[in-house]
Amino acid sequence: MDSINTLFLFSGLLIALSILASRLSAMVGLPLLLIFLGLGMLAGEEGVLGIQFDDYPLAFLIGHLALAMILLDGGLRTRLKTFRVGFKPALSLATLGVFITSALVGVIAMWVFELTPVQGLLVGAIVGSTDAAAVFSMLSGRGVNLNERVGATLEIESGTNDPMAIFLTIMLVELLVGDIGGVTETIIFLITQFGLGLVIGVGAGWLIARLLRWLDLAPGLYSLLALALGFCVFGVTSVFGGSGFLAIYLAGLMIGNQPGRHLNFILPVHDGLAWLSQIGLFLVLGLLVTPSEMLEYALPASLVALALIFIARPVAVLISIKPFFKFRWREIGFISWVGLRGAVPIVLAIFPVIGGVENASLYFNVAFAVVLMSLLIQGTTLSPMARWMKVEVPLGVTPERRGPLGILPENDYEMFVYQVDNEDLDDVPIRLLRFPSGALISALFRQHAMLHPKGSTRLRVGDVVCVIGRTADLPALNRLFNGDAKLKQERAFFGTFTLDGDALMSDVAAAYGLTLSSGEQDMTLGEFVSLRVGGHPVVGDDVGWHGIHWVVNEMEGNKVTRVGLRLYH
Amino acid sequence: MSANLPMNLEAILPPERTLFDVPGGSKKRVLEFFSTFIAQNTPSLDSQEVFSRLIGRERLGSTGIGNGVAIPHARDTHCKAPLAGFLKLAEPVDFDAVDGEPVDLVFVLLVPEEADDTHLALLGQVASVMNNAETRQRLRKSDSQRQLYDTLLDAIRREGGDTP
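For the protein sequence lines, the chains are A and B, in the order given. For reference, each letter of the first sequence is one residue, going 1 to 569 in the UniProt record's numbering. For reference, each letter of the second sequence is one residue, going 1 to 164 in the UniProt record's numbering.
A couple of the hints might just be wrong.
Result set (DSS-like, lysine-lysine): computed pairs, CA atoms no more than 27 Å apart in a straight line [to be verified]: (1) K486(A) x K141(B); (2) K488(A) x K88(B); (3) K322(A) x K390(A); (4) K28(B) x K80(B); (5) K141(B) x K488(A); (6) K326(A) x K88(A); (7) K486(A) x K88(B); (8) K81(A) x K390(A); (9) K326(A) x K81(A); (10) K141(B) x K28(B); (11) K488(A) x K390(A); (12) K486(A) x K559(A).
No lab work stands behind these hints: they were computed from the structure.
Looking at chain A on its own, in the form it has when it is part of the complex (with noise of 0.2 Å):
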């Protein structure tokens, strides 16, 4: 009885005093994943609770079971249209560029612990992958938003560059232990963890979306039913040897892309099981190390840890993405430092250790080591680094909350809340706003009472104002919302005027006295700024042009719409 009200104290204890910890990141800029596995170290058995907890079976299932439910809601927030300019580029990250990471770091292993080339190429596996939910959680937090081709890049390489990580890792344990056969069985085992894991991934994702979309069913239960199949995915594609976490990851995107209500009541659950599972994992970690046992390694593995960081990712990233994609160099730049290590590597290195390879000890402690160097040196840079390499693009004003009304099932109606802290909307009647023709401002309130708007009423600075409309109706509200400040910011970035992307560069070369080459003059501006970028053009994307920076201020697709002029530098 007693091991149990102390199981409920320290659990309970812990994991809120990670929650709170969490606002601490948010004001020294500290990356949480690191508070919380410094929490974990700090009960642990040479901390101040002391908890023993040496149970790597257990550590291992409780890795997996936070993995899954971590890649699920990934996929779940991963929008399908980002895979226009991010799909390809990652994957060339996910599979080449963890494999270069891998080796990289394999070969420096090897020289700094003096291991055999499988053993040193153990260690590049384990810490091959990448974690972006640490990059994203950093990243908005401090009000960075990263431009669509880094951010979506980023995003996807995170979520499929797992299984690859894990295929090296089991690869070159069943290699150490002397379980694995020939070169075909190797190569047939990796198309069965990448095929299976593609095919069942999207195929029960699909169903599953539908399914999810077509039952009625308590609200409570859609997220649940979403796990439970989610779940069932993995086990399932894990017993005909394909890679569950792939297949998972894919589920997720394919039921996170099925728009509907159902997602309203997924979305917010998935977010909370995403941060428990973050929560506990890294207590868990941070339990099973023994800190002083870390120290032995820790001036080899931060070596290791460094080299990781300034030669093998970057090198990985060049290769991997220069000579195929059109990124800009600061761009490369960027994804090269961001290639944050998360929970990954160390449930990676509890591989070994199951696995029973001689030595086990050691994959597991150099692998923590990296994962809390890469978080203290990358983590800790992100923002100044993201502003340092350009890769940012202006926010504009979003509504400060907003759900949706539940009413029609498919269209639905949503309510905007604003807060009005734009001075020029100051004294102006409702009548006069330029609002969307479907939206209508159903409520106002000001100084904590509600206000029945009127064509007549007056806004002021604070109101706090409740608009229903269609999402569609975006745009136009937070132009109208956007604060002097914002805009000054917007057009800083993408330039005091703006053009139609569908403007003819005849006509723009004639107003601004440009001279054009003779297939450019048949060109809309979109068009010809599109093709100076290099295809798949982003919102931020600036090209120099006659002394002007002409940058992508929209994007419908693939098209871009509007473009900015910024005319001094």
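Following the hints, put chain B in place on chain A, whose structure we already have.
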């Protein structure tokens, strides 16, 4: 570009081209009004030509830059030297501006066909003058033509002092 800043705004915006209480109506009417006015003010210019150049530029994308400000601009064959005009409208008009707000402060810029770099440099200066929230507020609060011109001149000089 800053090395040979060719001409500053102050020199190309004489008091008589700062217009107060201009009747609004619509974007087209405002541009028509200015074209007619500038053709009378500067005889070498043709009002039809000016109007079609300005409206042609608007077709590529509105010159309404937000905060109730528009900066219509064009190159003109008959234009000998850069010239500017400022209009404060009696009633804001819909200008199809980026932020959707109606426009009441209109800064027009006309340049000769060959003056391309000057064109961009002047546009940049106008934009930075009108980017200042305090300037816009003071322009809106001006209640005479004289006060409007003084405010504008003051803002231009202050802006000019900032740039090297």
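Q) Which of the listed hints are broken here? A) none
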